[in-house]
Each structure stands twice: as structure tokens, then as C-alpha cells.
Amino acid sequence: MSGLKSVPLSGARRSDGGGDAITQGRLVDREVDLELDCDVVVVGSGASGAAVAHELTAAGQRVIVLEEGGYFRPEQYGAMRPSETLRHLFRDGGLTFVLGVGDSPMVNMTMGRCVGGSSVLTGGVCFRIPGSILAGWHAMGLTMFTEEALEPAYQAVERATHIEEVPIQMRSQSTLAFERGARRLGYELKPMRRNTLGCDGCGRCNFGCPHQAKLSVDIAYLPGALAGGARLVSDCRVDTILTHGERAVGVTGRLYNGGGLRKPGSHFRVRARRVVMAAGAYNTPGVLRRLGIGRQSGQLGRNMTVHPAFRMMARFDRELNGWKGALQSAFSDAYEHERITLTALYVPPGVLAATMKGIGPEHVEKARGVPRLSIFGGMLHDDPGGQLHHLLGRTFSTYRMSARDREAMVRITEVMAETYFAAGAEQVYLPILGMDPVRSMDDLRRIDLRRIPAKRFECSSQHPLGTTRMGVSPAHSVIDPNGACWELEELFVVDGGIVPSSLGVNPQQAIMTLATRIAWHLRERPLPKS
Amino acid sequence: MPTSPPIDPSSGVPASELTLPPRLHRPRAVARALAVAECLFMSEAGPPPAERLTWLGRELDDFLERSGPDGRTGYLAALFALSLLAPLVGGQPRSLAAMPLEVRAQVLSRVEQGFASGLLLAVKAMLCIIYYEEAGAAQEIGFDGRCLVDSQAASERGQA
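Chain order of the listed sequences is A and B. The numbering of the first sequence is this note's numbering, which starts it at 1 and goes up by one. The numbering of the second sequence is this note's numbering, which starts it at 1 and goes up by one.
Please keep in mind that the hints were generated in silico from the structure rather than gathered at the bench. Here a beta-carbon is modelled for each residue, glycine too, at the ideal position from N, C-alpha and C. Accuracy of the hints is not assured; some may be wrong.
Listed below are several chain A residues computed to face chain B (Cβ distance under 7 Å; list not exhaustive) [claimed, not checked]:
| hint | residue |
| --- | --- |
| 1 | Arg-73 |
| 2 | Asp-92 |
| 3 | Leu-95 |
| 4 | Val-364 |
Straight-line alpha carbon distances no greater than 16 Å define the calculated EDC-like cross-link-like pairs of lysine to aspartate or glutamate that follow [stated by the list, open to error]:
| hint | chain 1 | residue 1 | chain 2 | residue 2 |
| --- | --- | --- | --- | --- |
| 5 | A | Lys-263 | B | Glu-65 |
| 6 | A | Lys-324 | B | Asp-144 |
| 7 | A | Lys-263 | B | Asp-70 |
Produce the complete structure using the sequences and hints provided.
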């Protein structure tokens, strides 16, 4: 880093690189290294980082937000096809896999890599942290997390992101079909809550809302922070946290202006009085690890929960055109006691067609049945079986599913299939690779799901959590209940990594709420002298 | 409630970076993928139109170029492994691309039933995601979700 030029942030951009508020690292001259200065540097612009930047800027602190991914305007990503969104806004094009260890499924884990992070790419689903989860946290000693204590932060997030119930009339025919089966089996669907305003139910929120009706953090939080004086640098990868004695004093890394993701370009250094890591549960541990943080507890990168999710499809005797309606409009907690949450969803026709067995005419015939398909998802409140590993500068992960989760995975399959048959489905496609659809409950009973290797189950995840978990003792956790790293002063972590257990529900609101709570704490905590 | 952004409306990734490149970055990999695609999307009327496969190839190439090193490496590895395994599984002494369509379909069906079904799914998934975004392909399966297929809006995405 010697020979760094000191360049004011606004002077480092080219004329087409955005306003003063945003510097796109990819457009910075390759000959120019950046040296920046602020009160608080926030690494990551997703749900947690944007919320923290918003709160601290409002408190008058000079904030710089760093984002590894690119900056796409909502009208840009809103006009993309799903595969374009995958290549431009998702990490690894949506092809990140968690390696199943032992009898565990391979998990396709999708994460955002863009300004706004994964919040741009969710279905907008928002849940408060369930009471049963908070009770579990209390058993870990985290007694400060009560519903009353969290209420102000919940309300702040709900106001900022406009969390509202999805009206019943926005349910798709796909969701209504599943609901009929649920009613016949004696359980109900409840309306989902989402961060939306003016949604018309075009069914593609998880590839970036085309109408700016989903108030992801690039719409709900970052504009306010930038208007208040925060600065954002996109296309930059943070490699190291700078330290002075026992204190974090900034970060360094590389800009992606070298011609591709494998060729980082010029260097940057941000000096800050406080460092906030918000790069996500998958990425933050790698940066902390380079400093040796986590050795004390041995917990860094461990305890990862992923909410393993399984998608069930059923074919009906009539067209449902399930893409018409809200993507995620309803859920059921009827099986919460079995650690299962059922959620409505829809996915692009290509994804549906891909997961159905068949090549050539058989495939085409099944693809022509897409309008008659209903889809529903089941998500598991899992045990912490995941772990991050680092090799040659890259992060990869493994997941060992617990025995009870293995059993719950089978239960999800049984419950959803039974619901669909109760709804009158002609065929049900189990989430098992290479398996023909089943035509009745008797067919299903003839299949011993427990003997099918877990690796044949088609499993996905959008919710890595817990890799920098918070706790009340440095012996068992990486950060304290206020987000402070036990092992380095002025280093805070606010992303999903801090969540000390699986939530069993979509974590977006929980992450924003916990980050807001930590930001309020930081707001009151005096900044150290430079 | 959100406040109005102070962002220069001309900012964001330049439109030139969102358009397809004129030449393929990975012609061999694309050829392998199209050998699978040609028979995967073959109906009783025959293989899909050549121009649609060409479009699919260019889109896949662009996807691989932009999706990041880890995702790209994973996909290319799956594609390569499939091209090696398929002839072995099918007992065919020739590459996948050199097999007649009917034989290729039988071989891939056998792969799909066996231990390498995950490899085929990985390859098939991305091909399907892209293929059914093409307006004609979507129409053929009765899909009219305007936000999810190649639309006028998508083609004008950089000009907004």
C-alpha cells in the first residue's frame, strides 16, 4: 500500500461513475489508489449495512459504505430477465453450493452481490423473531432480547421499509390450490408480511422488483443515508481490517477495476474510527479470520444454519398460471412444533422445467405442463451444522445435517405431498432428483423416503446465519450482544452471522432489527479519537 | 418512508456492460452445453430452431463470463465431467456432440437416472433458465409472465 495517492472520494470517480454519493470502483482509473477517511466504515450494503449506515448518518457521523458488488439502478435490474439478474447481481451467478457431509443434502445457497445485497433479491418476506426463538436465546444467556426490548427497533424497520400484509386477493392460483389442500387437512394459511408499497403481483421479486414496489434497502435506506452525507463505494473487495494496537482503525482492499473478478485492480484504504462488518454470514468470517479473530472461542465460521428449503410441485387438471399473483403471499406455521414453516412461492418456468426429470420429448411434454403447476416451499428450522472453510483465499462451506433435521426433511416432503393430494393434484413432483412424479398417497407410501440418500434431495437456502454468533461470553461467541467483537476494540459485526440460532422464518426483518439496535448503541457510544 | 435519492440518474452500470459481447469467450464449453441443449429441448417435431440455440449459446457464454470465478468454475467442471461421463455411462465410443440426437437423448436419460444425476441437473438448470426466457420458447410452453421473459423492457434496460 506504499505510494498510495490521497484522493478525495468525489475526485476519484470518472464523469460517468455516478453522483458524488456513489463511486463505482470499476470506473476508477486503474492508476489511482484510493485513500479515504471517515468516522465509521461499513463493509457491506445489504440489509444490515444499509440500516446501520442510515442510522449513523442520521446521527451526524461521517459514514462510508463499501460494497463488493456493482451498483445497478432499480430500473436497470428491474428490466433484467432472471438469468441476467443471476449473472449481474447474485454471488457466483447463484451457483454457490454448500457441500453436504455424510448423509446431508447438497445445498444451493443464493446470495446477493450488489448494492443493496440480498435484500434486492428476496421475496420481500418479513417476520419478527418468533417468541420460541427468543426463549432459546434467553437460555443462552441473551436475556436482553425480549419482544418489549426489540419493539422500538422493529417499529423503526417496519416504518422505513413499509412492512405490510399481502392482501388475500393477491394470492396466486398456485397458492390457492395448496390452500385448498391445507384446509381439507385442517390447517390454515396466514397472510405473509412483506416490505412492499404498490406491488401489483407480477411474481418476480426475488430477481429484483421491476416496479420499485419492493422496498429493498437500496430504495428504503441507502438513498436517505446518501442524502445525509454518507458515501458509497461499489465494486470493492475488503481484504483486511487495519489495526492500531488493540483497536480497529480502518480497512484495506482492492477495487474491481482490473478487468474482471479474478483481476482486482487498484488498492484502497479507508481510515475510520470504527469498523462495522456487514458483509453477510458467508463473507464476514473470512475477513475476521485474517486477523486471527475467533481463535479465542473457536466459533468463527462455525454454527452456520441455512434454513434448508425444499420446493414441491404439483400438477393439476387445469391451468393455474401460478406466476400471476404475489410471489410469496402466505405461509403456515401449523407444523412449527416439528420445526417446519411452509411458504408460498413461485419460480421462473425454466427452473420448474429443469427440476423435472426428462430429456427431449419427455422434457418438453412436462415443460408444457408448467401452466398447470402449483408450487409451495417448506423450510426447516435447522440445527447449526454448517461450517465455513478458507483455502487459497477462497471461501467454501460444508453442512452436516443433524439426525432430527434429516427426519424433518422427510416430514416436509410428506406434509406437502399430502396437502397437494388433498387439494386434488394429479401428480406431485417430490424434491428428489431423478424421481418420477407420484400420483397418489398410496404411491407415496410405497416410497421409503428415509432410505433415499439425502444428497438426492433438492435443497436450497437463502439464509446463512450464525457464523459470527453473539453471546455473553468470549469463550463461546465471537461478538457480544451489542455487536462488539470480543477480541478487537471498535470492530462491530451486524450481519446475519450474529444471529445465534436458526430462526425458522425468513431472517430479513430480524437482521435489519438487530442491526438497527446495534446502530442505536453505536450512536450513543463516543467515537474514539483518530 | 423512503426519501428521494440524490443519485445522478445517469449512474448505475453503463448499458454497454449489459449487452452481449460480439464473440464467445468459451466456445468449447458452449459447444458442449449446446450438445446437451439440442437434445434436451428436442420435441417430437425435432430439435429447437437453430437461431434459438445460437441465442442460448451466446447468453450462456455471457452468463459464464460475468457470474464470478467460483460459479463459473463449478459450472464448467460439471459440464466437463458430464461430457466425459455420458459416453461411458451410455457405452458409446464417441463424444456427446458426435452422437445422433436419439442416442444422445438415451444416454442423457441414463445419466439422469444414475449417480451423476446431480451433474446433469446443474447443467440442465442453467440451460433451462435461459432457454425459457426466450419469448418463443416461453410461448411454446404456455408461459406469459411478462416480467420473466425477454421483453421490450429487458432489451431497453440500459436506456432507462
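Of the hints stated earlier, which fail here?
none
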